[in-house]
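Chemist: Residue numbers (this note's numbering), protein chains in the order written: chain A, 3 to 610; chain B, 3 to 610.
It is worth saying that the hints were derived from the structure and are not from the lab.
The reader is advised that the hints may include incorrect statements.
What the hints assert, rightly or not - Here are the simulated SDA-like cross-link-like pairs (lysine to any residue), alpha carbons at most 20 angstroms apart as the crow flies:
1) Lys25(B) / Pro538(A)
2) Lys497(A) / Val477(B)
3) Lys332(A) / Asn579(B)
4) Lys430(B) / Leu374(B)
5) Lys453(A) / Gly576(B)
6) Lys497(A) / Leu464(B)
7) Lys453(A) / Phe571(B)
8) Lys334(A) / Pro573(B)
9) Lys609(A) / Glu460(B)
Bear in mind the structure is a predicted one, so any value in this text is a computation, not a measurement.
There are 2 protein chains.
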Amino acid sequence: MPSSIKRFLIGRPLKSNELGEQKLNKTKALAILSSDALSSVAYGPEQILLVLVTVGAAAFWYSLPIAIGVLVLLTALILSYRQIIFAYPHGGGAYVVSKENLGIFPGLVAGGSLLVDYILTVAVSVSAGTDAITSAFPGLHAHNVAIAVIFVVLITTLNLRGVTESASILAYPVYLFVLALFLLIGVGLYRIAAGDVSPALHTPVGTPVAGIGLFLLLRAFASGSSALTGVEAISNAIPNFKEPAPSNAAKTLIAMGALLALLFSGIVYLAYYYGIAPREEVTVVSQIAEQTFGRGFMYFFIQGTTALILILAANTGYSAFPLLAVNLAKDKFIPRMFTIRGDRLGYSNGILILGLLSIALILPFKGRTEHLIPLYAVGVFIPFTLSQTGMMVKWIREKPEGWIAKLIVNTAGAVISFTVTIMFFLTKFGQVWTVLVFLPVILYMFHRIRKHYRAVGEQLRLTPSEPAVPIEGNVILVPVAGLTRVVENSLNYAKSLGAYQVIAVHVSFEREENEQFEQEWKRWQPDVRLVSLYSPYRSIIQPLTKLIDTVQHKASESNYQVTVVIPQFIPKKGWHNVLHNQSSLLIRAHLLYRRNVIVTTVPYHLKK
Amino acid sequence: MPSSIKRFLIGRPLKSNELGEQKLNKTKALAILSSDALSSVAYGPEQILLVLVTVGAAAFWYSLPIAIGVLVLLTALILSYRQIIFAYPHGGGAYVVSKENLGIFPGLVAGGSLLVDYILTVAVSVSAGTDAITSAFPGLHAHNVAIAVIFVVLITTLNLRGVTESASILAYPVYLFVLALFLLIGVGLYRIAAGDVSPALHTPVGTPVAGIGLFLLLRAFASGSSALTGVEAISNAIPNFKEPAPSNAAKTLIAMGALLALLFSGIVYLAYYYGIAPREEVTVVSQIAEQTFGRGFMYFFIQGTTALILILAANTGYSAFPLLAVNLAKDKFIPRMFTIRGDRLGYSNGILILGLLSIALILPFKGRTEHLIPLYAVGVFIPFTLSQTGMMVKWIREKPEGWIAKLIVNTAGAVISFTVTIMFFLTKFGQVWTVLVFLPVILYMFHRIRKHYRAVGEQLRLTPSEPAVPIEGNVILVPVAGLTRVVENSLNYAKSLGAYQVIAVHVSFEREENEQFEQEWKRWQPDVRLVSLYSPYRSIIQPLTKLIDTVQHKASESNYQVTVVIPQFIPKKGWHNVLHNQSSLLIRAHLLYRRNVIVTTVPYHLKK
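With the rest of the complex left out, here is chain A (with noise of 0.2 angstroms):
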């Protein structure tokens, strides 16, 4: 039942080798992996304006210059992303490109950032988005958080399915977006320019302000470039485009880029000559297409696609999440189970675990993660600046043809991201601290895991100068809680194992029972010993494992092998369970984490 219920949910198991099937064109993957990016435009113009604003309305102005300045960062992202595509085909990414050409050390920082940020995209998003369906049926307000768990659960079995099958669904809502922006820009600025907008609604460039200073401007600038989380996505997804991976890859970035550039300032600059102030309940988007198309179909489509583009940027995170764990999974960081491919060839304990983790953000903050916002850029722009610090060092080190022009385009981008990161810690410290918590705790679960993996790796493997101690003979028990086939079954078994010394073992909790059990014993199997234990405590596991110690203790001494044989009846149907008090699996546990005891368990299987 729970294994069609899967087949239902997710399909039919596919072969390792139908992996091609899954891969990406570049229509699908600019839509799959853009969603983050290009959503971050619902919200970065905003987030300038929300710092201009606490000078004064004089102040909106600053958001063009600004804006610039967010483009000069995404031109150098984009171009430093470029690069990191053709030079680490493979899907690069901050963790890989971090790891090998700064050290191991900031790799990890980069990637425990990235690994966290994408838990934060994944509940941010869907968090917005249900916000922006909830506004639109406010009736809809008080299940908030239960909308948002079910979208997370349906991202998360579409990503089950697999990359291919999602990106079909996921393809038209992001298409359908940037239709809707560019038509909103485009009649906008055709409303401008017919002189349909009064331009007395902004002040002109230049406008002198009182209070303004460069604090102000630099902070509006690291909130501006919020709207450049996701801009990676696509480097570290490389393997799932189509062949030649890379110079796909390079292009769906270079398109993505472009979009993002075009509706960012289009957005700023409608925003500006609008004269539009961010409100509380009303995002500037939404005021945005309420002065140009008023509240009929085009308003209700802007705000529909948009809901849906930020619930999709989720998405994102389990493109990203599980192949940035296989990295880490592989260099032995992480635990090895996010190294395996799921019936439908996606890193399914990857996807499940983002699932999970997003859904227990969402929870304790009852869908309120909006100003979780910085927090997550901050976790977007370190490893921004570690990559592009680590491609520094490779053209310094390498020094390929055209190198000096690579190494300029980097520096800049790492120079910008870095400014941009201590802008955030300086300017809202209050919400970003944290980041100095949990990447030094996932620092140091890397390490432990890292040690342990090796530890093990060192005692598993096989060396010739410590030769095993060879067996001599075995010595088994068999516990035994009555005169039953299970036991004959159990006790037959035991005797064709050829061993030096077959035992029976039985505990009883009144000593009366014991007696007479031992009498029965006599008559039914005179050939076995029966080793009969009062326990008054009224536990199984107690005297056995004593008389476990002391029969190990001797047979040690001739490199005897002791064996526990337990009988187990298995019942038909598995509400029968319950029926039965489980001391074999109890003793089972035990036996097998506690001492250091072979364990063997006979089955047998009720008919009815």
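Please arrange chain B on chain A, whose structure you already have, making use of the hints.
Modeler: Same frame as chain A, but now just chain B:
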């Protein structure tokens, strides 16, 4: 660690022969077993007035004849249960009495009702007590559910510690409650006698009332008889008494009946004389206390002990439920685990299950379980009726000396109990219909469990007519994941068993890896045959199972037994398990439960 927490909470384990120390003397038994019955006084009289008030305050004088009816019923029940105690000195209770005299089905109806009823006892009493507390401290009202759950956990822990120790703690509040009510009734009667209370507050007995009818009076009588819930507790718990148990239990029962009768009639009379009408927020007892003493120390003393005894009433459930469960489990109607004594010699599984189930009732009802009272009462009167009918049959069948008198007592009890039960169904169907659903479900469950145990018993019995098939030899399969010490260890063990053949099995997910592994194997273990399997769907269990089926088929032809020896390394610390794919566990569970294969686990303990 968990073990030391357990020690702290419930104390050191006790030996089986320390059981005698835990027996109850009469004073303690009265406290521990009568809190349920006595606490009913806190709501019983109110239930009568709540029905009468629907006609008008003039009808309140009817509470006196109705109370006399309840007292007659109480007398019949006490006398009847006294007879049951002597007839069934090993703990009678409705289940045993009904089963032995009326047959298995009526017995199970009684047992099933009581089983559910004890859960209701705990949930209802604790909720009511919590309400009393949060009424006194309104600031706590928002935490009603949490407080109720904490009380259940507390009482469960006390009961896990053992009966005597919890009795010492429980004795004081019960006696304080009795003292408080006696003071209240005494002072109240004195004030009436002294002429302090105006006789104009109540209508005289015999005042004609419009709209009163037999149906209404019967309904009021049924409601009032909810004050009698809990009187059966003593007859269930005879084995808990010190010797001579039956006579001690009978004396305790009479004492409890006398106390209950005095408190009940006192409260009813005062309520009538003071002309008290039931109100939404203030209980009848609280109104009497306020009119008698004013809102001073005595008022809070009475309210406080009332709250306490309501919570402790839950304890009656904890004394009765596990014993009833033992009786049902010995007859194989519920899982065997209920017959096992825990570390402190209490039937800990019954205690734990009762605690969990009552929390499961408190949570969905958000602590407002008061409207379950009619359901609770009907669940008591069904077994009352059955056990007294059972006693009637017993007297008629056995005809001991003086049986006519005994028969009359039980017949009176049976008729009144049956009438009350019918009254509940006629007058409060909306609140008690669920009993018609859950009783059949429970009876079906009893039937299925008994059927399973019988089937198991038959299958396990040794029958000389069907001798076991002898085992001629062994074939051993060893699944191997790599060339490691763990595998070496397991192979050495497999070879030591003198098997006919040892076969290593390797499953790989890629064809190339397969060939490479075969070559390495030949160099390392040239004398052990290796079967190398390719698994396109990345499942280990699937190809392994297929191979085992083939081997088993061949082996069974010559009576050879197939054993799978699974190498398993055991990490040093629990959290390390997360870092390793638990393939061994999965394979073992699959082979044991789905296939009839003997599974041997060879542990390899890591040292760091």
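Chemist: None of the hints should be skipped; say for each whether it holds.
Modeler: The hints, checked one at a time:
1. Lys25(B) / Pro538(A): holds (19 angstroms)
2. Lys497(A) / Val477(B): holds (15 angstroms)
3. Lys332(A) / Asn579(B): At roughly 18 angstroms apart (the allowed maximum being 20 angstroms), Asn579(B) and Lys332(A) satisfy the hint.
4. Lys430(B) / Leu374(B): Status holds; Cα separation ~11 angstroms.
5. Lys453(A) / Gly576(B): OK: Lys453(A) and Gly576(B) at ~15 angstroms, within 20 angstroms.
6. Lys497(A) / Leu464(B): holds (18 angstroms)
7. Lys453(A) / Phe571(B): OK: Lys453(A) and Phe571(B) at ~17 angstroms, within 20 angstroms.
8. Lys334(A) / Pro573(B): holds (16 angstroms)
9. Lys609(A) / Glu460(B): Roughly 11 angstroms separates the two Cα atoms, so the pair holds.
Going down the numbered hints, you'll see the structure goes against none, and every one checks out.
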